[in-house]
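Under our numbering, the letters of the sequence shown match residues 1049 to 1444, in that order.
For the record, the hints were derived by calculation from the structure and aren't laboratory data.
Subject to a maximum C-alpha distance of 30 Å in a straight line, what follows is the list of computed DSSO-like cross-link-like pairs (lysine-lysine):
{"id": "1", "residue 1": "1197", "residue 2": "1113"}
{"id": "2", "residue 1": "1126", "residue 2": "1197"}
{"id": "3", "residue 1": "1125", "residue 2": "1137"}
{"id": "4", "residue 1": "1379", "residue 2": "1402"}
{"id": "5", "residue 1": "1387", "residue 2": "1215"}
{"id": "6", "residue 1": "1159", "residue 2": "1394"}
{"id": "7", "residue 1": "1125", "residue 2": "1319"}
{"id": "8", "residue 1": "1415", "residue 2": "1402"}
{"id": "9", "residue 1": "1126", "residue 2": "1231"}
{"id": "10", "residue 1": "1402", "residue 2": "1369"}
{"id": "11", "residue 1": "1231", "residue 2": "1062"}
{"id": "12", "residue 1": "1215", "residue 2": "1267"}
{"id": "13", "residue 1": "1197", "residue 2": "1159"}
{"id": "14", "residue 1": "1248", "residue 2": "1402"}
{"id": "15", "residue 1": "1197", "residue 2": "1215"}
{"id": "16", "residue 1": "1394", "residue 2": "1161"}
{"id": "17", "residue 1": "1369", "residue 2": "1248"}
{"id": "18", "residue 1": "1066", "residue 2": "1231"}
{"id": "19", "residue 1": "1231", "residue 2": "1394"}
{"id": "20", "residue 1": "1267", "residue 2": "1387"}
{"id": "21", "residue 1": "1161", "residue 2": "1113"}
{"id": "22", "residue 1": "1319", "residue 2": "1387"}
{"id": "23", "residue 1": "1238", "residue 2": "1054"}
{"id": "24", "residue 1": "1231", "residue 2": "1319"}
{"id": "25", "residue 1": "1215", "residue 2": "1402"}
{"id": "26", "residue 1": "1394", "residue 2": "1215"}
{"id": "27", "residue 1": "1113", "residue 2": "1387"}
{"id": "28", "residue 1": "1248", "residue 2": "1319"}
{"id": "29", "residue 1": "1066", "residue 2": "1197"}
{"id": "30", "residue 1": "1394", "residue 2": "1062"}
{"id": "31", "residue 1": "1267", "residue 2": "1394"}
{"id": "32", "residue 1": "1125", "residue 2": "1394"}
{"id": "33", "residue 1": "1387", "residue 2": "1126"}
{"id": "34", "residue 1": "1319", "residue 2": "1355"}
{"id": "35", "residue 1": "1113", "residue 2": "1128"}
{"id": "36", "residue 1": "1319", "residue 2": "1126"}
{"id": "37", "residue 1": "1267", "residue 2": "1415"}
{"id": "38", "residue 1": "1387", "residue 2": "1415"}
{"id": "39", "residue 1": "1369", "residue 2": "1415"}
None of these values were measured; they are calculated from a predicted model.
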Amino acid sequence: MKEIIKAAVARVFKENYKSTARAVLNAGGARSGKSYALAQLLLMRARNNAGLNVGVTRKTMPALKMTAMRLFIDLLKKYKLYSAKNHNKMEHYYNLGSSRVQFFSLDDPEKIKSSEFNYIWMEEATEFSYADYITLLTRLSAPPAPNLKNQIFLTFNPSDANGWIAKNLLPSPDAQAIYSCYKDNPFLTKDYIETLESLKNVDENYYRVFTLGQWGGNKNIIYDNYGFADAPPPGAREIIWGLDFGFNNPTALVKIYLTDNGVSAEEKLYKTNLTNRNIIERLSSLIPPAERGQAIYADAAEPDRIKEIYDAGFNILPANKAVNLGIMSVKSRNLIILKSSANLIKEIQSYVWKTDLSGGALDEPVKFNDHALDALRYAVHTHFNAAAPEPRITFF
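From just these sequences and the hints, can you work out the full model?
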């Protein structure tokens, strides 16, 4: 007999558990617990029902590895269900008894051409197209478990009331929308709750989407000058870095490749609760000694932290933090973002100008979910609009 595992669950879990809709749309605000609830539900279904095929997907594999895949594996370990022999890291699947959880991206739909699933979870579903959704829907073709039906689950911030999810799926009689917000997550810190609630005084659309988990509109987007790539550009003429300090908020480090065609950005670090010592350890693993002359442009409001990192042997410099001029510096260049940069991509897709009471755009961005973007802006603007720094001299 299997050991009974008792775990605390939130309302979002219960709503998904009860749903019999073919498509279950989890529209939620920031940190509402929707992804956690889906990981719990699919883990439970796979463990309790023999021979299930569960698919967990995001648009790109690097982003999937950093989010839903990591969450699922972490839950297995938390519930003491993880076994390395059941985890195929090359083919990206985990065997849970006779059931299998397959992690895959949809940057190439051919990858799942012959696959059959009982459940599919689309994390950050707004990254996908409607055609992607239809492709996935046709893969819900595995024989269903007794007393259960095959389902597709979507988790997303409801940022675009005119997008394909709202227009094509919400009206469907075989779809159910489950809405959630930060109040559904009992584990949030007081500081983060205050950040979310403060959006009411910053931007109406952000407050509606990220705080209340209600449908909004993707208007007044700041950056539209970017594309994506799988790998860094060959033959970059120079490499620079941008660093935005945080603790309760994430510390963000972005590596920037300068080419004749523009700039390519790669998120290298995005993590909360990092001390300066932690940051120096990460920098030491990311930048070999021979490359530590590369400039790191960091938040000038933290001079003590900059000095400590400088003394540790890194060419760190205070950044020019001019916001609007910095945004224009980034907007004036062809920008490529590496697909592995999950948080940078999410930030840039929702980075908008504040609006006035009539809905007109103001010359000030909404200050929310912009840590990697700040790091990018620090580096690009300072590097191209400041005098070259004095070279460092090391005495032996």
